[in-house]
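Q: So the protein sequences, as listed, match chains E and A.
Numbering of the first sequence is given in my numbering, commencing with residue 35 and proceeding in unit increments.
Numbering of the second sequence is given in my numbering, commencing with residue 3 and proceeding in unit increments.
Derived from the structure by calculation, the hints contain no laboratory data.
Where hints are given, some of them may not hold.
Quick partial rundown of chain E residues pointing at chain A, CB under 7 Å, derived from the structure [claimed, not checked]: (1) S151; (2) H155; (3) F197; (4) P201.
To list a few chain A residues with every Cβ distance to chain E over 10 Å, as calculated [what the hints assert, rightly or not]: (5) L40; (6) K123; (7) K126; (8) Y130; (9) Q133; (10) S149; (11) E154; (12) D185; (13) D194; (14) R213; (15) G217; (16) Q233; (17) Y241.
Keep in mind the model is a prediction, meaning the values are calculated, not measured.
Where a beta carbon is used, it is the ideal one built from N, C-alpha and C, also for glycine.
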Amino acid sequence: MSARISWTAGVPAGASASTSTPLGDCNTCAGETPAVQDIRALLATIPDPEIPAISIVDLGIVRAVRDDCVIITPTYSGCPATHFIEQSIRNALDEAGFRHVRIETTLSPPWTSDWISDEGHEKLRAYGIAPPPRGAVSASLRNDTHAQCPRCGSMNTAEISRFGSTPCKALWRCNACAEPFDRFKCH
Amino acid sequence: MTKAEVSAYATRLGDDALILGQRLSEWCGHAPTIEVDLSLANLALDLIGQATHFLGVAGDSDQLAFHRDALDFSNCLLVEQPNGDFAQTIARQFLFSTFQELHLQALTSSKDERLAAIAAKAVKEVAYHRQLASDWVVRLGDGTEESKTRIEAALDWMWRFVDELFEMDELEMKLAKERVGVDKSTLRVEWDRRVDAVLAEGTLARPAPRRPVLGGRRGHHTEHLGHLLSQMQFLQRAYPGAVW
Ligand SMILES: [Zn+2]
Chain E
35 MSARISWTAG
45 VPAGASASTS
55 TPLGDCNTCA
65 GETPAVQDIR
75 ALLATIPDPE
85 IPAISIVDLG
95 IVRAVRDDCV
105 IITPTYSGCP
115 ATHFIEQSIR
125 NALDEAGFRH
135 VRIETTLSPP
145 WTSDWISDEG
155 HEKLRAYGIA
165 PPPRGAVSAS
175 LRNDTHAQCP
185 RCGSMNTAEI
195 SRFGSTPCKA
205 LWRCNACAEP
215 FDRFKCH
Chain A
3 MTKAEVSAYA
13 TRLGDDALIL
23 GQRLSEWCGH
33 APTIEVDLSL
43 ANLALDLIGQ
53 ATHFLGVAGD
63 SDQLAFHRDA
73 LDFSNCLLVE
83 QPNGDFAQTI
93 ARQFLFSTFQ
103 ELHLQALTSS
113 KDERLAAIAA
123 KAVKEVAYHR
133 QLASDWVVRL
143 GDGTEESKTR
153 IEAALDWMWR
163 FVDELFEMDE
173 LEMKLAKERV
183 GVDKSTLRVE
193 WDRRVDAVLA
203 EGTLARPAPR
213 RPVLGGRRGH
223 HTEHLGHLLS
233 QMQFLQRAYP
243 GAVW
């Protein structure tokens, strides 16, 4: 609970907004300093502790990278991995010689599963987790859209429980191959 | 508005989430099925996370959670009620989550950007809580004779704590007027509509009106809160500042 939290989107108070580089789909933003590119590449190697198949960048929780600051956002208010992720980033930055780079946490705008990258979707599927449908923000909570079984590809699937092994996943089963699977929740 | 007023309001929001989160975590390992166990644990986790953020606006969230006495807690009485049987846990959750979602939705336009940011994040989580609780109210109400009897009794018991959810005092009226807080009395019509719709789907009658029980916001709690706190706070009271 000691993490510094900034309450508004983008850059923390006192920093110059013009040096901020939002991540999103932009992987090779023009005008980026080599340091920012290096930090970004470093972050892309840090796995999510609960779903190690995807990186924290794929998950969409890295919101901005600057030469002196990395801004992250939690997936859920009570995500127990938040502190672990912060520590992983700290260790990676320190080892790579970026001791001066701060880590800040922002709550706004709130994370959405729509921020998971296309590559992240593919990695989730390969790992056995059905990715969330796009447009989650407006999607029905009832998850009426059918998930595709990540093992056999069948659309003949059903939800067992909306709450699964982690806050971000629901438990589903495939009626074709009879295997249970996790589905990343719309959020 | 003053800093103290915003802190007091944020503490109410944080205490509601913290106490209900602690209550739900008592189910961990005891729920009727593994899916329900996971669900209630997830709800608890969301609520405790929200509490951390709201109490963080008021001060040091760990200090506030673990080193205050019952009289200093300002949660509503509904959330401190014991889990009882599964139906009572569901009734409590249903009544509270339906309220909390409306409250947080309104709070997303707070002029205090910290409260607005926490609310915008939390409201997405609470929408799932309300859905889960509503589904169970319908399932128990429209289930067996036994399950119906239990959910009816549970709703009947919890109903006396509903009016307090919408209670406005001088502090909250002032903050609502300054558009920092929410005039909760304006949420009642929509709350009634949503609750009635779920009750109807579950073939349940709306409980008869009860004499409302009030006082949580002023620190007047039922005996249950002290017992909850003694368990929740034991470690930090015995070993102040312990970390792991
Ligand atoms: Zn399958």
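Q: Taking the hints in turn, state whether each one holds.
A: Checked hints:
1. S151: Violated: closest Cβ of chain A sits about 20 Å from E:S151, beyond 7 Å.
2. H155: Result: violated, 20 Å to nearest chain A Cβ.
3. F197: Since the shortest Cβ distance to chain A is 4 Å, the answer is holds.
4. P201: 5 Å, holds
5. L40: 5 Å, violated
6. K123: 4 Å, violated
7. K126: 6 Å, violated
8. Y130: 6 Å, violated
9. Q133: Answer for A:Q133: violated, closest chain E Cβ roughly 5 Å.
10. S149: Given that every Cβ of chain E is farther than 10 Å from that of A:S149, nearest at about 19 Å, it holds.
11. E154: 25 Å, holds
12. D185: 23 Å, holds
13. D194: Since the minimum Cβ distance to chain E is about 21 Å, A:D194 lies beyond 10 Å and the statement holds.
14. R213: 35 Å, holds
15. G217: Non-interface label on A:G217 holds, nearest chain E Cβ at 28 Å vs cutoff 10 Å.
16. Q233: 19 Å, holds
17. Y241: Consistent with the label, A:Y241 stays out of reach of chain E, its closest Cβ about 17 Å off (over 10 Å).
In this structure, the earlier hints numbered 1, 2, 5, 6, 7, 8, 9 are contradicted, and the remaining ones agree with it.
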